[in-house]
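Undergrad: Make the full structure from the sequences, and use the hints.
Line by line, the protein sequences give chains F and V. Numbering follows the UniProt record's numbering, with no gaps: position 71 of the first sequence is 71. Numbering follows the UniProt record's numbering, with no gaps: position 253 of the second sequence is 253.
Not one of these hints is a red herring.
Chain copies aren't distinguished; within one or between two, either way the pair holds.
Calculated cross-link-like contacts (lysine to any residue; reagent style SDA-like; alpha-carbon spacing at most 25 Å): (1) LYS147 / GLY52; (2) LYS141 / GLU50; (3) LYS141 / ASN106; (4) LYS4 / ASP86.
It is worth saying that the hints were derived from the structure and are not from the lab.
Protein chains: 2
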Amino acid sequence: MNGKILIVGAGAIGGFYGALLARAGAEVSVVCRSDYDYVSRHGFQIDSHELGCWQFRPAQVLRQACEYQDSADYLILCSKVVAGIDRVNLIRAGLTAETAIAFIQNGVDIESELLAAFPDRVLISGLAYICCNRVAPGHIKHLAYGKLTLGALTPDDAGLSQRLRDLCAAGGGDCEISRDIVASRWQKCVWNAPFNPLSVLSGGLATQAILQSQEGFVRDIMHEICRIAAASGHPLPYDTVELNIERTRHMPPYKTSMLLDFEQGRPMETEAILGNAVRAAQRLNLECPRLQSLYALMRLRELQISQS
Amino acid sequence: MNGKILIVGAGAIGGFYGALLARAGAEVSVVCRSDYDYVSRHGFQIDSHELGCWQFRPAQVLRQACEYQDSADYLILCSKVVAGIDRVNLIRAGLTAETAIAFIQNGVDIESELLAAFPDRVLISGLAYICCNRVAPGHIKHLAYGKLTLGALTPDDAGLSQRLRDLCAAGGGDCEISRDIVASRWQKCVWNAPFNPLSVLSGGLATQAILQSQEGFVRDIMHEICRIAAASGHPLPYDTVELNIERTRHMPPYKTSMLLDFEQGRPMETEAILGNAVRAAQRLNLECPRLQSLYALMRLRELQISQS
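TA: See the structure below:
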């Protein structure tokens, strides 16, 4: 028995990791909204240079978590963290007493609402370092990377993080446990904080063009995130900025997730990535003028979208 | 004799002030590129709530300054300050030995190229505090304000700034002499530096919406300009930021000139307004992270436009 898993929010990220876990032998069901009709008939098609191409037929395809007819070992929340999505209500009805909650989501300081709602449950915080896009209903293209970083938010997780890691690895995924998942979240923000908003505010540039044109500015933004992380008790390795710059230089030109959301008229993760970072800095009495600038500009961009 | 004037770059600003000077009795000719055909046949139509509506028929309508068949007392340059426009070559052929040069243009640190090219001539630096738009060929709508600030860049201007001011005032214009026109230029930049780029980067918000949503950010940007002005020897009055905020609050919602340029696919005054301010700060070893952010973002936006 490799466990039962319910993925809530099976877009590109949820579909991809669900497919990996199913390949490892887990019984994976999915809640998906926009692609429900297609996925319930045809399942997912995953195309990956690194991992091959395969079909993923979920055990159950559901519109809402309350329709789940089983008891999951893990509920994995993969929705975006945006205004208008109530993460607690999205998952509550899919849980039984034994279900551990994992979430694979972007942003910093996004744990508290789940910790408050589910204080007695194992909570696993997850970060996907991956380039993968939904190119059509149920069709996910995995472009590069794929490392999943997991870390329990509760001191004792009864080995559940490790078990989920092993499952993912058995499916061919690159998965690791972080001893300080909050630091890992800041570390991911080092990349997201510049490239996500710059791709939108520039009107659609890919990562390569942004880096080639404004490397100094990108580095300055990254350093602001590093300073906030350190001041909040999660210092990042000294070469974090350098590694992120190098990684981006050798990535294929990539449209960020925020840019894809923007182009498709979906809400963007402005608050989870920028707003929460700026608010953390304010609580710590730390200056972060470049992040504040990006945040103010994204708010203006969103205001303009809401008016048009 | 009220003098002969050649306006080079008769768009909204050049057409409007040319029309004021003609109304005062000056013999005003214009060089205009894009509206040449229309203006040479019909002249300009000026519509202004404050100053009334009137026709302005230039003495000569020209495609280039070298076609001017007369000797001007003043050549007034009103083009935008953007890459690809060589201001010196634009005006050289329109000058005789007696012609004073005035320029009514946005931006800071834009004097040096004219001072270097015309060291022995009276040079008058001018700033238009005005909301006026070209709504159709030869048709200029004056929405609000209109103050023209003039100041000689040469210690002795033989009364030529004052004479130009008097002419403008005789035409109904609000015109004043600045004893420190370089400071006046920084003062205008206090408004331009936030509102011009924010209107473009937000995707098209008018000034009111920007101010209502992000007043704190707008103020921070304005303070950065004030600090650069002070460090460069041109301290602005202590209430500059407050006055600019109040003025904007009571303006009608306004599309900035940079937004109009952006929407019409014309080059934007990014370097004259932001680039020169950031470079001045760098020479003075001054931090201006918000201006740097706006400048980097405008450069990315322009890169994206050039690629599409």
